[in-house]
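Novice: As a plain string of letters, each chain reads:
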Amino acid sequence: MTEVLYLSWGGSGRTKTIRRALERAGELDAALVYLAVLDSDHFGDLNTTMSSVVEQELHWLLEAQLDLTKDQVGQPERQTRVIVRKGNVLDLAVETAKGAGVDEILIGSPVPTIGSLETAAQVAAELSSQTDLPTMIL
Amino acid sequence: MNTLVLAAEDTNTLIQTEIAAVILLAIAAGIAMLSKRLKFPYTVALVIGGFLASGLGEVVQVDVSADLILALLVPPLLFEATLHLPWPKLKADLFPILVNALLGTLLGLAAIGALVKLGLDIPWAAAFAFGALISATDPVAVIAFFKSLGVPKRLGVLVEGESLFNDAIAIVAFTLAVSVAEGDAFTVGGAVTDFVVVSFGGIAVGLILGYVVSEIILARVDDALIETSTTLALAFGSFLLAEEFGLLIGRKDLHFSGILAVVAAGLMVGNLGTKNTSPTTRITLEHFWQLLSFLVNSMVFLFIGLSVSLSELFNELPAVLLAIAGVLVVRAVVVYLFVPVSSRIQPSRRISKDYQHVMYWGGLRGAISLALALTMTPAVFGQETVDTVLVMTFGVVLFTLLVQGTTISALISKLGLAGKEETELTQQRYQALVHMRRAGQSEIARMGAEGVLFDDLADAVGRSYQRDIAKSSDDLVSHFRSNPELEATMLIQARRDAIVAEQSALLEIVRTGLIEPQVAKGLTIDLNNRLVALELLDDRWEVDANVAQSSESTAQLIQPTAVDSTSRAEEASP
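So the protein sequences, as listed, match chains F and P.
Everything in the first sequence is counted per my numbering, starting at 1 for the first residue and increasing by one.
Everything in the second sequence is counted per my numbering, starting at 1 for the first residue and increasing by one.
These are computed hints drawn from the structure, not numbers from a lab.
Don't be surprised by glycine CBs; every beta carbon is placed ideally from N, CA and C.
A hint or two may mislead.
Taking CB as the label site, the calculated pair distances span [to be verified]:
{"#": "1", "chain 1": "P", "residue 1": "L102", "chain 2": "F", "residue 2": "G26", "range": "52 to 60 Å"}
{"#": "2", "chain 1": "P", "residue 1": "V197", "chain 2": "F", "residue 2": "D45", "range": "28 to 36 Å"}
{"#": "3", "chain 1": "F", "residue 1": "G26", "chain 2": "P", "residue 2": "A501", "range": "33 to 41 Å"}
{"#": "4", "chain 1": "F", "residue 1": "D45", "chain 2": "P", "residue 2": "K414", "range": "27 to 35 Å"}
{"#": "5", "chain 1": "F", "residue 1": "G87", "chain 2": "P", "residue 2": "L102", "range": "27 to 35 Å"}
{"#": "6", "chain 1": "P", "residue 1": "A114", "chain 2": "F", "residue 2": "E63", "range": "55 to 63 Å"}
{"#": "7", "chain 1": "P", "residue 1": "R251", "chain 2": "F", "residue 2": "D45", "range": "37 to 45 Å"}
{"#": "8", "chain 1": "P", "residue 1": "A219", "chain 2": "F", "residue 2": "M50", "range": "17 to 25 Å"}
{"#": "9", "chain 1": "P", "residue 1": "D475", "chain 2": "F", "residue 2": "M50", "range": "38 to 46 Å"}
Work out the full structure, taking the sequences as your base and the hints as a guide.
Specialist: If you want it as structure tokens, here you go:
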């Protein structure tokens with residue numbers, strides 16, 4: 001089955017983009033893989049225990065939010081999966097996209113900076129270049 | 001006109017003191033009501049209120065002793081502030097906070113001290129004492145704005161944390177300057193040793209007492225009144241024990257910092273003790289310390305207003321302006337130089353420019369500065385010097401409160417850091433309507449069931465309520481659909497409430513003896529960790545990273561063609 005990867009590494013703007021990501025998955029009749037990355041800049045100082053609890057809580061919150069949004073956009077049956085990882089955003093996105101065999105990558109805009117990449121367009125271009133996948137800025 | 005004197009140490013004027021206290025409380029309550037209605041900063045209104053009261057014929061004359069301020073008013077202020085500082089968040093930003101607090105206070109002591117020494121030719125010890133006392137920032141007015149405007153919690157922790165530590169450091173430095181003025185020999189090495197002994201001694205006393213109260217009393221006693229009383233005893237007891245520690249071991253000259261003891265004890269209780277208590281105790285503690293803080297703040301800020309004389313301020317205007325300039329320049333150096341350096345050393349806790357602007361303009365001076373200035377005695381420093389220092393302190397405090405305190409909210413809004421916008425207030429209104437109407441419906445049902453209302457009437461009114469509830473619920477749902485960004489906050493809040501309910505359920509199971517203590521301990525730690533995790537996510541995932549909302553622009557698709565990444569980025573740039 002077709003899969004699209006929605007990538008997020010935080011930010012209050014994600015509520016609208018999750019909605020758009022589900023709509024895009026609907027257009028492609030694809031399952032949505034939600035990759036949430038706890039990036040090293042913001043979560044690198046946590047110890048192993050705390051890091052694990054933060055990952056679990058974020059997983060719980062995102063699953064709840066996906067369920068809610070699926071109902072709101074009229075796609076309660078859409079297949080979704082949440083993956084929470086900690087580390088470098090680009091590396092994990094590329095690794096997950098290649099490992100999961102996704103067909104398209106989605107990111108929101110604007111996004112938090114990743115090193116020198118300051119705009120969603122720069123991140124999208126980098127992702128597209130590294131994965132050879134079409135990348136959509138929502 | 002009769003003059004009422006507030007002098008707690010004089011037992012002969014007990015009735016007068018009581019009357020004065022009642023009048024001050026009445027003024028404070030009146031001003032609080034007025035400032036709430038006018039949406040004006042409460043502490044600023046108190047100063048103006050006190051100022052007007054003193055100008056209208058000395059209705060209430062303030063005669064506060066140093067002991068009253070330092071031993072009675074300051075400990076509860078600091079203890080209450082520390083109770084709400086979450087250690088994980090404080091720890092995350094401890095480096096920039098300590099850099100600002102320590103280096104900022106030392107820079108203030110040296111630079112402002114030198115400035116007033118050279119500009120006004122007052123003794124070095126008095127100049128350094130002023131430099132130290134005026135470096136203590138007071139976030140009371142600013143934090144009130146932060147809460148009402150819903151600014152990011154991290155910014156609140158940065159401002160409050162810095163204030164807490166620089167208060168403590170300023171008091172220790174001030175005490176050293178005073179002891180030098182009193183004739184104690186001064187050497188740099190001796191001052192550093194004293195500073196370390198006094199500081200770490202105070203912290204140790206506070207941590208030990210705070211731990212004992214948290215782990216023995218709060219964990220084992222389940223009575224909100226007893227537990228709350230214990231925290232009150234802890235706030236004052238830790239201060240006294242640290243200050244008078246030498247008496248315990250037969251060395252009268254040995255003193256630790258009572259202020260740092262209070263700070264350490266408050267942090268211990270706020271982060272360890274309250275986790276060992278029932279929800280009822282937590283609520284009681286919260287209300288009690290809020291009330292005490294309100295009362296003490298009211299007194300201190302009223303004292304500020306009552307103590308200021310317009311004519312003295314005008315007479316010493318050059319000195320006051322010099323002090324204000326010194327404070328603003330030193331604050332600028334602390335924020336715009338030290339903070340970027342901290343961010344460079346610890347990039348994971350980078351502090352944005354917008355945060356820096358708020359930290360700069362939010363560096364108000366208040367209760368601690370005034371309290372310390374009021375403790376300077378003519379016998380040690382000379383009447384003229386004491387008067388000059390007092391007027392400069394009042395001038396700086398008034399300037400920061402009246403100018404910075406009244407414009408900080410505009411700055412926060414202009415920088416886009418105000419989180420609670422109209423949409424969030426509307427959401428709260430719809431939620432409140434649902435709650436209120438459900439309460440009304442339950443009451444009607446109860447009255448119907450008890451026969452107070454006859455059945456047909458109860459049914460009819462109940463149906464009307466049901467329609468109102470349905471309408472409010474629909475409004476809430478529509479509001480969320482129009483403002484989906486509210487969902488993330490609501491989701492975290494709901495999860496937090498659910499975990500707190502799980503904690504209560506666990507406590508209940510432990511009380512009934514259904515599970516072994518070691519099982520309960522493991523589960524308690526897990527629930528506490530989950531609450532901390534939510535705080536971290538709220539702070540770092542929801543707010544820090546991506547503040548702006550997605551635009552409504554059309555989605556852009558970037559294909560993996562041979563175009564180089566730079567040109568693609570330019571094409572697709574939002």
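Novice: For each hint given before, does the structure comply? Return the numbers of the non-compliant ones in rising order.
Specialist: none
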